[in-house]
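Visitor: So the chains spell out like this:
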Amino acid sequence: MATMQAGSALPVRQESHFLKGLGRWAFVAPVLLLNLVVIVGPAFFGVYIAFTDWSGVGDMNFVGLENFQRLLQDQVFWKALRNNLVWTAIFLVVPVTLGLLGAYMLTGIKRGQMFLRVAFFVPYVLPSVVTTHIWRYLMHPRVGLGQWLSDNLGIHFLDISWLGSRETALYAIAFMDNWHFWGFPLVLLLAAMSSVDVELYEVARLDGASRFQQFRHVTLPSIRPTLVFLLLMISIWSALVFDYIFLTTGGGPANASEVLGTHLYTSAFERFQTGYAASIGLVMVLWVALVVGGFVYLRKRGWEI
Amino acid sequence: MPLTYESLVLFYNKTVFDDNGWSPPTNIDEFNAIAAAAEDIGIFPLAYGNATWQPSNEHLMGMYLNAFAGRENVYKALVGEIPWTDESIAGATDLLRQHIADNGWFSGSLENYFANGSDDWRVELAGGDAAMVLSGTWNFRSLGGFFEEVGQEWDWVPIPPMSDMAGEYGYELATGSTVSVNAQSPNVDAAIKVIDFLISDPAMVLELAADVGFGEWVVPVHFSAEDFPEGTDERVVRFFADFAAVTGEGRIGYTAWTFWPNDPNVHLWEAVENVWWGDISVEEYLEEHERLWQIERDAGNLLPVPAPAMGGM
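Chains as they are written, first to last, in numbering that gives the first Met the number 0: chain A, 0 to 304; chain B, 0 to 312.
What the hints contain is simulated information worked out from the structure, not anything from laboratory work.
Built from N, CA and C at the ideal position, the CB exists for glycine as well.
The reader is advised that the hints may include incorrect statements.
So these bits of chain B aren't anywhere near chain A, every CB distance computed over 10 Å [unchecked claim]:
no.	residue
1	ALA114
2	PHE145
3	ASN273
4	ASP278
Some but not every residue of chain A turned toward chain B, in silico, with C-beta under 8 Å [as the list claims (entries may be wrong)]:
no.	residue
5	HIS139
6	ARG141
7	SER160
8	SER164
9	ARG165
10	THR248
11	GLY251
12	PRO252
13	ALA253
14	ALA267
15	GLU269
16	ARG270
Start from the sequences and build out the full structure, keeping to the hints where you can.
Guide: Here you go:
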């Protein structure tokens, strides 16, 4: 039962609860304030300018849905969107498959596992500007690895201009980004696999399960939350891809490797059509919202992810 | 006022030219002859690439527009007296398309051009794998190092006129950056004094320009060859002396990054790749270019354009 203290309008328990709540808010207030200033505020501003003709400086006029109507007719936008989808498909399959296989094989290695983990993870910590610089030379049609293999070993099929050809540019950049990225899923999945109860494997072995069957029926179900989290993050990151493409082809040749990020950049900082660029940004936000929404929906349906 | 005051010229590997008894080209026929001779000895007529700077395409487009369509036609297009679909502009665009796509003159093929970064084409020129480069005078800063490393020599000449429309050679005007005073500044007068101080003494300005290799600091308009600091590269002095004399006569050209509004500027260097790959025709490209220019004209976004000396055809 609540008791009243002299001079206080609140029961003691309520007052204590209130002060505790106030104390918690006081702790998170700086973060919330920072979030409001650098995330929420700019986000709402970004949504607003998507409906204006703002150049980035000067006056801002409301133009309704004009930027979005232009998006529908912009062939470079559709090309970029398609390339983002191709990029997503590549990254959902290649580094995840490599990471799964690599992690599963590493679980069977006791001596030297740490060395291999570090070795596979090192490319992930290299700055993109370094990685792209190295690979740009390795893929160069005149001084690259393909040219060397052709001249010295008679292997000719790799001797092409990987980044200079419209047919290969996007895939060549995806390859170099994969080279840098695949150590991350490997380490993440290895950590998940390491926490799987070893008794499950023993039971599977007693039941006569092969190594593949153990992987299929023990490992995969046990690491599902980590795996789904990885797929979710890759789907989001693929919408935001920018640096590897900007640093290698800028989106060329002839928009062959254009993605939403590079198209947004050109619109905002070359054409100075910030309002239009913001509308491209909103499409990227919509992409991310759909992915996260799908994830939340599946969890609500009872999926263990 | 302009801080980086640039232009574009034809750089060539002097060692290769001397070894083969070639003279730098002064017109399109000589240019074509050198290109053919270069191919005969197994080197690229020209080196270039846009892998590290996609807008490098606009260097080439600007040079071909001025050297083929001529300064008068480019000026008329800039001020709206003729459309960008004019046959002089179309001819310039198509000539570049032929050279870069059909002939593969720039570093061997279109695919190589797109794979080449700025260091790659400098290596090709300095190493004698390419005879010439069409590029900007900002290369005065860096080209020498590449040549010194391999013991070869470089030199430059004005870009040769590529048609009868072009008249006598000239120099494109290009401003890479400006020093400006914010009109809203509470210290406008003080800011102007600082700029005055920095530019009022020609000797000091030339010292500053020399320190950054004559690519990143304004050079005074009125000077003579003797004003340059001791030890300045003769080729650099020769450029600035001729540049001042020739542009003083109104033989000027126009670079896209200085005289084009933003949207048509990006279209010029971005969509031209679709022309080179054969996705769209020169006519389709220029029709869209004209449409974007019309939007800028209607919005009053045109930049001030100095008129060239007329009647030079």
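Visitor: It remains to establish, for every hint, whether it holds in the given structure.
Guide: Taking the hints in turn, this is what the structure says about them:
no.	hint	verdict
1	ALA114	3 Å, violated
2	PHE145	14 Å, holds
3	ASN273	5 Å, violated
4	ASP278	6 Å, violated
5	HIS139	6 Å, holds
6	ARG141	7 Å, holds
7	SER160	4 Å, holds
8	SER164	5 Å, holds
9	ARG165	6 Å, holds
10	THR248	7 Å, holds
11	GLY251	6 Å, holds
12	PRO252	4 Å, holds
13	ALA253	4 Å, holds
14	ALA267	11 Å, violated
15	GLU269	5 Å, holds
16	ARG270	5 Å, holds
Going down the numbered hints, you'll see the structure goes against 1, 3, 4 and 14, while the others check out.
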